[in-house]
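**Student:** Residue numbers (my numbering), protein chains in the order written: chain A, 31 to 239; chain B, 1346 to 1793.
Quick caveat, the hints were computed from the structure, so don't treat them as lab data.
Be a bit skeptical, because a hint or two may be false.
Straight-line Cα separation of at most 25 Å, SDA-like style, residue types lysine to any residue; simulated pairs [what the hints assert, rightly or not]: (1) B:Lys1448 / B:Arg1371; (2) B:Lys1557 / A:Asn40; (3) B:Lys1557 / A:Ile153; (4) A:Lys53 / B:Thr1361; (5) A:Lys125 / B:Val1507; (6) A:Lys53 / B:Glu1563; (7) A:Lys125 / B:Pro1489; (8) B:Lys1790 / A:Thr60; (9) A:Lys125 / B:Thr1599; (10) A:Lys166 / B:Glu1374; (11) B:Lys1414 / B:Thr1590; (12) A:Lys125 / B:His1597; (13) A:Lys42 / A:Glu213; (14) A:Lys53 / B:Gly1560; (15) B:Lys1775 / B:Trp1382; (16) A:Lys125 / B:Pro1502.
Selected chain B positions facing chain A (Cβ under 7 Å, derived; list incomplete) [unchecked claim]: (17) Tyr1362; (18) Trp1496; (19) Phe1499; (20) Thr1531; (21) Gly1554; (22) Ala1556; (23) Ala1558; (24) Trp1559; (25) Leu1576; (26) Ala1783.
Don't be surprised by glycine CBs; every beta carbon is placed ideally from N, CA and C.
Residues per chain, in single letters:
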Amino acid sequence: MVDKSILLDNKKFTVGTFTDSDKLLHAVETLRKKGVKIFDCYTPFPVHHLDHALGYTRTNLTIGAFLCGMLGSLSGFTLAYSMNVVDWPMIIGGKPQDINVFTSFIPVIFELTILFTAFGMVIMFFARNRMMHGIKEDLLDRRQTDDHLLIAIDNSEAQSLSNDEIQTILVNEGAVKVKGNVEAFNTSLTTEEDLEIVIGNNEGAAVIN
Amino acid sequence: MYTADIRKPLVLGGKTYTDVTNDVCRPIENKPTNSWWLGFSIAVLLLLILAGTLAWTVWEGIGTWNVNKSVMWGWDITNFVFWVGIGHAGTLISAVLLLFRQKWRMSINRSAEAMTIFAVFCAAIFPLFHMGRVWLGFWPLPLPNAFGSLWVNFNSPLLWDVFAISTYLSVSLVFWYLGLIPDIATIRDRATSKARKFWYGFFAMGWNGSAKAWGRYEVVALILAGISTPLVLSVHTIVSMDFATSVIPGWHTTIFPPYFVAGAIFSGFGMVLTLLLIARHVMNYENYITSEHLEAMTKIILLTGSIVGVAYITEFVIAAYSGYEYEQYAFANRMFGPYAWAYWTMMFCNLMAPQVFWSKWARTTPWFIFVISIVVNIGMWFERFVIIVTSLHRDFLPSSWVMYHATWVEVGIFLGTFGLFFTCFFLFAKFLPVINMAEVKTIIKDNE
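Kindly produce the complete structure, drawing on both the sequences and the hints.
**Tutor:** Here it is in structure tokens:
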């Protein structure tokens, strides 16, 4: 396990915990309307329209996927053409091997297009999300992959409202728990006692509800 | 939240997010049950038969099979096409139904995708071993050759198959793994033992469910579905071209690509139903795999079974109408020749049997669906057997007409692939979530 934080290192967050995706979505909209900058949301499942509500633009991964696909097509053609036409034409039944046999290269070109698109896109996806085998995860709540939906607000960021006001809004929007001073922790290769200490330390400022 | 009043809920029992996690993680976090051990032991036993018969084939040679100069493809290629076909339902459920926004796919796509991958493993064994010298199995790859610059032949459907099947396997694996990551992260965060924390942590790749990641994840899943759809169609099209581009009467048919694709989906859904009906019963997933799901799948079986039936009849009519004596004989020989029993088994299992699904009772009664799903599996195996063996055993030259019956080695390898398939499936059911938790959590409140 690589002992490396991904995104949240040494930051402290105000975290609102929800148990309903509609309430979370509404809270995000309300906070953004009041000019509060939200660091990110963490949910156990994809919440529809949450990315729009947070103001995220659509990912450019599709363009990368298209380019990978093009590279795949080109590789497929180059592979077949260079082997069967340029380097060693395999004459079977007197039939010529030239650019006219291109049509029988199409299946291979097609398969390599798909292969390059899929792998290229998924590798780019992992890179973009800083995902890697063995990297340590950064969690703000142990149940954020189970049944808790979180809104995380970076405490070091300048906000239009005071932290207390933000916490009140979160409570009013239906957060079941609001914490003011949460640090990221991880669960893999951490003993239960360590985990209790970390979570215990996070029971900071305003624990409401 | 979108609700359609004419639809029933997709998940029953008023489940909460917590319930979904607990229900799906229970078999992973608890000790395996006795029924798991029983099933797993039988599967491993069959797997040992596979190892033994394959070892004997390699040691003694292809002579241990009954394939001969006329019937050079027998049970081996029959089984290959059978297993590849079964794989298609998984991709259909996860990719095509995602594009069509069919939310009922969500509680069955994970196990169907797993089935795809394991079925392709089983399929790959046959072309590799039927070449005789399995240690030279890398020869179909486009590698420089020890004897000079002779490369593989890109005009051959057999080479297209190498590319198609390997792309299909690797893209299916990527698609499956991508869908597993959020669920692996869920298990990681619930894990209590050190080993489980490490391994699930390792494979979760640091996933923490950030909204940014989910946004990208959904786009990537959509594009993967978009490219998997033509891929799955291409794979069985190319498999059918292994036959259709030859000049053998009975194989040389332009209807083959769509007919094989429909047949593949048909057989795949047969196997999905067989597996899911067992899994839902043993693992108590009746609230997730509801009778709505069963009904939707039986409707697909009815549709694709009928397409396959129409293809059988079309094929026969075209042969009769062709005025080509050899083609006419090939089909008459199928229906009334020495393998007529196989032909009529196929007709009964694939054309007649699925028609019972016109009845609502048949579509919603699990034990009955289970019986029909087995019938479909048998029928689709016979379809490939009929196409391959009856077309070959009586060719243009009557002096080379032969009968073909499998030896115990061929039967053993076929039974053994079931061992491989079920061993993989039992391990999957023990170590990975059989139901996609993240996706099911998005639909527990929906009626659609």
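**Student:** Against each hint, give a clear statement of whether it holds in the structure.
**Tutor:** Tested hints:
With a C-alpha separation of about 24 Å, the suggested pairing of B:Lys1448 with B:Arg1371 holds against the 25 Å cut-off. Between B:Lys1557 and A:Asn40 the alpha-carbon distance is near 20 Å, which keeps this suggested pair within the 25 Å criterion. Only pairs whose Cα atoms come within 25 Å are accepted, and B:Lys1557 paired with A:Ile153 is accepted, the gap being roughly 16 Å. With a CA separation close to 15 Å, the supplied pair A:Lys53 and B:Thr1361 stays within the 25 Å bound.
For the hint pairing A:Lys125 with B:Val1507, the CA-to-CA distance comes to about 23 Å; that is within 25 Å, so the pair holds. Between the alpha carbons of A:Lys53 and B:Glu1563 the distance comes to roughly 21 Å, so the proposed pair stays at or under 25 Å and holds. Using a Cα cut-off of 25 Å, the hinted pair A:Lys125 and B:Pro1489 holds, with the two alpha carbons roughly 23 Å apart. As the CA atoms of B:Lys1790 and A:Thr60 are separated by approximately 23 Å, the hinted pair is consistent with the 25 Å bound.
A threshold of 25 Å between alpha carbons decides the hint, and for A:Lys125 with B:Thr1599 the separation of about 22 Å falls inside it, so the pair holds. Among the hinted pairs, A:Lys166 with B:Glu1374 is consistent with the structure: their alpha-carbon atoms are about 22 Å apart, no more than 25 Å. A distance of roughly 20 Å separates the Cα atoms of B:Lys1414 and B:Thr1590; the hinted pair therefore holds under the 25 Å criterion. Straight-line distance between C-alpha atoms of A:Lys125 and B:His1597 comes to about 20 Å, which keeps the hinted pair within the 25 Å bound.
In summary, the hint linking A:Lys42 to A:Glu213 is supported, as the alpha carbons are separated by about 5 Å, within the 25 Å threshold. Straight-line distance between C-alpha atoms of A:Lys53 and B:Gly1560 comes to about 19 Å, which keeps the hinted pair within the 25 Å bound. Between B:Lys1775 and B:Trp1382, the direct Cα distance comes to roughly 10 Å. Compliance with the 25 Å bound is thereby established for this hinted pair. Taking the CA atoms of A:Lys125 and B:Pro1502, the gap is about 17 Å. The hint holds against a cut of 25 Å.
Satisfaction of the interface hint for B:Tyr1362 is found here, the shortest Cβ-Cβ separation to chain A being roughly 4 Å, below the 7 Å cut-off. Here the hint on B:Trp1496 is kept, as its CB sits about 4 Å from the closest CB of chain A, short of 7 Å. For B:Phe1499, the interface hint holds, the least distance from its beta-carbon to any beta-carbon of chain A being 4 Å, beneath 7 Å. Taking 7 Å as the C-beta cut-off, the interface hint given for B:Thr1531 holds, the closest approach to chain A being about 4 Å.
For B:Gly1554, the suggested interface contact is upheld, since its CB lies about 5 Å from the closest CB of chain A, less than 7 Å. For B:Ala1556, the suggested interface contact is upheld, since its CB lies about 4 Å from the closest CB of chain A, less than 7 Å. The interface hint given for B:Ala1558 is met, as the beta carbon of that residue sits about 5 Å from the closest beta carbon of chain A, less than 7 Å. At its closest, the beta carbon of B:Trp1559 sits 4 Å from a beta carbon of chain A; the interface hint therefore holds under the 7 Å criterion.
At about 5 Å, the closest approach between the beta carbon of B:Leu1576 and any beta carbon in chain A falls short of 7 Å, and the interface hint on this residue holds. Nearest Cβ of chain A to the Cβ of B:Ala1783: about 4 Å, under the 7 Å cut. The hint holds.
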